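With the hints as extra help, turn the sequences into a complete structure.
Keeping their order, the protein sequence lines are chains A and B. For what it's worth, this note's numbering labels the leading residue of the first sequence as 1, then goes sequentially. For what it's worth, this note's numbering labels the leading residue of the second sequence as 1001, then goes sequentially.
There could be a bad hint or two in this list.
As a list, the in silico DSS-like pairs of lysine-lysine whose alpha-carbon atoms are at most 27 Å apart [as the list claims (entries may be wrong)]: (1) K139(A) / K1254(B); (2) K1254(B) / K1231(B); (3) K1140(B) / K139(A); (4) K1119(B) / K1254(B); (5) K1258(B) / K1237(B); (6) K1258(B) / K139(A); (7) K1249(B) / K1094(B); (8) K1231(B) / K1249(B); (9) K1101(B) / K1231(B).
Hints listed in this document are in silico derivations from the structure and should not be mistaken for laboratory results. Here the structure is a predicted model, which is why all the values come from computation and not from measurement.
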Amino acid sequence: MAYFSTQIRFSFLNIIPVLLLFFLAFNGTSTINLGFVSINLHFILVYYYILRKPQILGYGFIFLSGIISDVIFGLPLGINALALLGIASVAAYVRNVTVRINLLNDWISFIPAILFANFVYFLSLYFSNVPIDYLYLFKNSIFTFIFYPILWAAFSFIGGLSQN
Amino acid sequence: MATSRDDFGIIIRSALLSKGAKQRFSLLALIIVSMILIYVESIDRKPLNFFRHFIKDVIYRGSALVSAPSKGFNSFTTNISEHINLYKNYNQLKSENNQLKNNIYTQGFLELENTQLRKLIEEQIHSVSNLVSARVMLDKQSPYLNSFIINIGSNKGIKNGMAVLDSSNFIGRIVDVNFFSSRVLLISDLNSRIPVLVEPSGHHAILNGHGINEPTLEYLPESHDIQDGDKIYTSGKEGIFPPGIPIGKFKNEKNLNKVILFSDLNQITFINVVIEDGNNN
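See the structure below:
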């Protein structure tokens, strides 16, 4: 019985990132705007789990959630998906070249990931005739980077619960 | 040197091509699919449009379902704050009611005079009578588009470009029509450009959206005599929207010709879509 309940708890905790990924996409809250502050939770979630626990978050799920975000935000299909897969690519690369992973390494390597994803955004929006707010992209990148350690701690805590 | 290049190639291959544990698709395959999707979005063909509308309808319904709890919570908190402010609102409404009662007599006379004068110059009186009501299904704060989704689409005869009203005030136009849903682009959006008429001066201008900030009037004559509080209406010059739909009032602030909208775009639940100008029937 104890084994069964542990298994249920383990499965539930492992499914949280996928649920969160789709909740953010469907609810249109992948980007939180609080006055001047703008944070892209989608980027942080994808980067953390592809870097730390790639077995939990499938690339297919990331692609699907990107498509859902595109529809909700009224962007041409594929833009968010491509940006998220860009983040996942950088995370997968960093995972392959890094032996010891700690917060500082994660945090610094998150910079090229954000830059790459925003470059994808810029290119795709530029060719899709959707107006680009450069200041918004800039502040979103900065605050997403600053906010990373907080969510890193939260996701690590959830990961710790599933291991105990 | 050759070894480090080989290592780099191996790492890239491993990151992009290998599926890894429990991964069903490789990253490269999905990146290519995304690129194809972006390209396909620019193709306007009937089967593709059918597929796109179906996907969007399904996702909008799913989103409405997922957002239901947070929407319910929001309306609950709004209800509570409205109850708390009940007495204050009652007093405010009472004074407004008195003021409106006084205005009604003058307005009735002006309307009569206006109709008689229009008859005198043999102008056809436009009427916006063919309205279809809809409910706002999704209102997500997109960083790129100021828009929302309504719960009617081509099933109710909605077409791209139709004017959207909040009660009788102009708030935007239809930009994307699916079978059971449509996207409304608000006048505050960066893409929005609406030909307008300023009353009583009669100047024509373009109402330009600026995202989160108030829309502004562009292309006004250099020596205009527009005062704060002057009313802005659709001019109908582009031949799509009926003329004379109220939009907002003029306000000059920091040398910017701003327009304070009559409708609060964040508080819209029900809207009307102008199906056709009354005269075209």
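For each hint, the structure was consulted:
Taken as a hint, the K139(A) and K1254(B) pair is honoured in the structure, with Cα atoms around 25 Å apart against an allowance of 27 Å. At most 27 Å may separate the alpha-carbon atoms for a hinted pair to count; K1254(B) and K1231(B) meet this at roughly 19 Å. Of the supplied pair hints, the one linking K1140(B) and K139(A) holds, its CA atoms being roughly 20 Å apart against a limit of 27 Å. Straight-line distance between C-alpha atoms of K1119(B) and K1254(B) comes to about 42 Å, which puts the hinted pair past the 27 Å bound.
Restraint check for K1258(B) and K1237(B): satisfied, since their Cα atoms lie roughly 21 Å apart, inside the 27 Å limit. A distance of roughly 26 Å separates the Cα atoms of K1258(B) and K139(A); the hinted pair therefore holds under the 27 Å criterion. Between the alpha carbons of K1249(B) and K1094(B) the distance comes to roughly 24 Å, so the proposed pair stays at or under 27 Å and holds. Only pairs whose Cα atoms come within 27 Å are accepted, and K1231(B) paired with K1249(B) is accepted, the gap being roughly 4 Å.
For the hint pairing K1101(B) with K1231(B), the CA-to-CA distance comes to about 21 Å; that is within 27 Å, so the pair holds.
Of the numbered hints given earlier, the model fails hint 4 alone.
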